[in-house]
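Protein chains in written order, with my numbering: chain A, 102 to 427; chain B, 4 to 80.
Since the hints were made in silico from the structure, they are not lab data. Ideal Cβ positions, reconstructed from N, Cα and C, are used throughout, including at glycine. Each hint should be verified, as a subset may be incorrect.
[Said to hold, decoys possible] Pair ranges (Cβ atoms, derived):
id, chain 1, residue 1, chain 2, residue 2, range
1, A, GLU329, B, ALA49, 48 to 58 Å
2, A, ASN186, B, THR63, 38 to 48 Å
3, A, ASN186, B, VAL57, 29 to 39 Å
4, A, MET183, B, ILE53, 32 to 42 Å
5, B, ARG42, A, TRP266, 52 to 62 Å
6, A, GLU329, B, ILE53, 51 to 61 Å
7, A, SER342, B, ARG42, 33 to 43 Å
8, B, GLN27, A, GLN422, 34 to 44 Å
9, A, SER187, B, ALA49, 26 to 36 Å
10, B, VAL51, A, GLY358, 56 to 66 Å
11, A, SER426, B, LYS9, 31 to 41 Å
12, A, GLU329, B, VAL41, 39 to 49 Å
13, B, ILE47, A, ASP415, 53 to 63 Å
14, A, ASP335, B, ARG32, 37 to 47 Å
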Amino acid sequence: MAQGSGLVLPRFGTVPVVQRLVADDRLAVILAMALVDLDIAVPGDWKKADRDPTSFIRITLDRWIGTHGGSAIRHRFLLSGMITNSPSDWAERDETRPNQLFLIVEPSEATCGCATFGPTLKLLESVHPQLPATFFHLFVGALNRWIRVYDHRDAEERAETLREWAAQEPDADQYELPDVEGSIPPCMRQAALNESELAQLKDKINDPLATKLVDAVTGLDRVSRQSERPELDDDIGQQLSDCNPALPCLLAVFAEGDSIAGCFDEDARGMMEVEPEPNIIIPFDPTNAESVQRTFHMFGVACQTIAAASRVIDLMSGNDQWIISR
Amino acid sequence: MSRNPKSKEVTKRAVLAELERLRQGRHARYQTLVGRFVRCPDFIQAAVLIAAAVNASARTYNRTPLDAPPGWLPPVS
Chain A
102 MAQGSGLVLP RFGTVPVVQR LVADDRLAVI LAMALVDLDI AVPGDWKKAD RDPTSFIRIT
162 LDRWIGTHGG SAIRHRFLLS GMITNSPSDW AERDETRPNQ LFLIVEPSEA TCGCATFGPT
222 LKLLESVHPQ LPATFFHLFV GALNRWIRVY DHRDAEERAE TLREWAAQEP DADQYELPDV
282 EGSIPPCMRQ AALNESELAQ LKDKINDPLA TKLVDAVTGL DRVSRQSERP ELDDDIGQQL
342 SDCNPALPCL LAVFAEGDSI AGCFDEDARG MMEVEPEPNI IIPFDPTNAE SVQRTFHMFG
402 VACQTIAAAS RVIDLMSGND QWIISR
Chain B
4 MSRNPKSKEV TKRAVLAELE RLRQGRHARY QTLVGRFVRC PDFIQAAVLI AAAVNASART
64 YNRTPLDAPP GWLPPVS
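Next up, chain A with everything else stripped away, as it sits in the complex (with noise of 0.2 Å):
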């Protein structure tokens, strides 16, 4: 034992302090050459990982994240990325492909984030009476390529199952069932703008908050298409086949305290029931260099699509109370 430099206690002077040892790393060593190997990694944080790579993939992640937005994605949403070798914590590792890894993203804390869309819709609609729908489905559209917004599709559903148990009781007509109908402003029912109608409304918009309003979704349109979801072949979906459906990431409400928003909090009680799946599942192969590139780009198109509509909701009016972390 090293001499001490105090009067009295010891020290343990050389002794290291942390013991880690991993039993099977293999993939994670394999996964961290290939990122260094494509320039996604920084050789530098090796150092900071202490040389184990398991924490070297998971600097490089959050590296990876905040070189895509991951302040903006913060601000207004509660994520988790990570790497595993299994797409639920459910499903049973398949043997028969040892080299595959998951990259998949899942809300935190089972926390959703929140965005109202009455007064921006308020204010597109003196613009044109299309534009409303136009940018909401522009918005939840390109969220949704990437992951779930709960909104009042989802709500109508709900009514409706709550309809149909309703109508076979003998009392049917005592149950109060939500009206979602009447939380959705009637500029909703418009049809939205094709992308050259709208190329040419963009241009004759005078108020400058819709200009920018227009330009940020049309902006989170583009990003969210650069690369697609992958295909989840049937082995996966039988590793999935037990879970519930991916928790919502966004609820997306016409004012706070709506019948929408009712039904969310109704909904969210039976969603944790059985393991949901992760919102994002991306399986890849870390031997083969191509699909960890790949893999990387479909995740750093995810993290600019969450962080462009945080970007958006920052410009619509009424949504201060959903910042998660400034």
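Based on these hints, arrange chain B on the given structure of chain A.
Leaving out everything else, chain B in the frame of chain A:
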């Protein structure tokens, strides 16, 4: 302050070399006793057998004899 590209390339090569040693199991961290243990199936199997033997032995010799109910005959050995 940014480092020059040459230095970055040197670091990259050094990291890749160290990862390659890890991949091949030649890295210093696998030369420790525990490191060798986790990479050797025979060591692990032997440890599992010893642990099972110790458990079985504990079960065999750690019995608490119960008193026979009153009026019962003593056990015949």
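Hints versus structure:
{"no.": "1", "hint": "GLU329(A) with ALA49(B): 48 to 58 Å", "result": "holds, 51 Å"}
{"no.": "2", "hint": "ASN186(A) with THR63(B): 38 to 48 Å", "result": "holds, 40 Å"}
{"no.": "3", "hint": "ASN186(A) with VAL57(B): 29 to 39 Å", "result": "holds, 32 Å"}
{"no.": "4", "hint": "MET183(A) with ILE53(B): 32 to 42 Å", "result": "holds, 36 Å"}
{"no.": "5", "hint": "ARG42(B) with TRP266(A): 52 to 62 Å", "result": "holds, 58 Å"}
{"no.": "6", "hint": "GLU329(A) with ILE53(B): 51 to 61 Å", "result": "holds, 53 Å"}
{"no.": "7", "hint": "SER342(A) with ARG42(B): 33 to 43 Å", "result": "holds, 35 Å"}
{"no.": "8", "hint": "GLN27(B) with GLN422(A): 34 to 44 Å", "result": "violated, 55 Å"}
{"no.": "9", "hint": "SER187(A) with ALA49(B): 26 to 36 Å", "result": "holds, 30 Å"}
{"no.": "10", "hint": "VAL51(B) with GLY358(A): 56 to 66 Å", "result": "holds, 58 Å"}
{"no.": "11", "hint": "SER426(A) with LYS9(B): 31 to 41 Å", "result": "holds, 39 Å"}
{"no.": "12", "hint": "GLU329(A) with VAL41(B): 39 to 49 Å", "result": "holds, 40 Å"}
{"no.": "13", "hint": "ILE47(B) with ASP415(A): 53 to 63 Å", "result": "holds, 54 Å"}
{"no.": "14", "hint": "ASP335(A) with ARG32(B): 37 to 47 Å", "result": "holds, 40 Å"}
Hint violations for this structure: number 8 only, all remaining hints satisfied.
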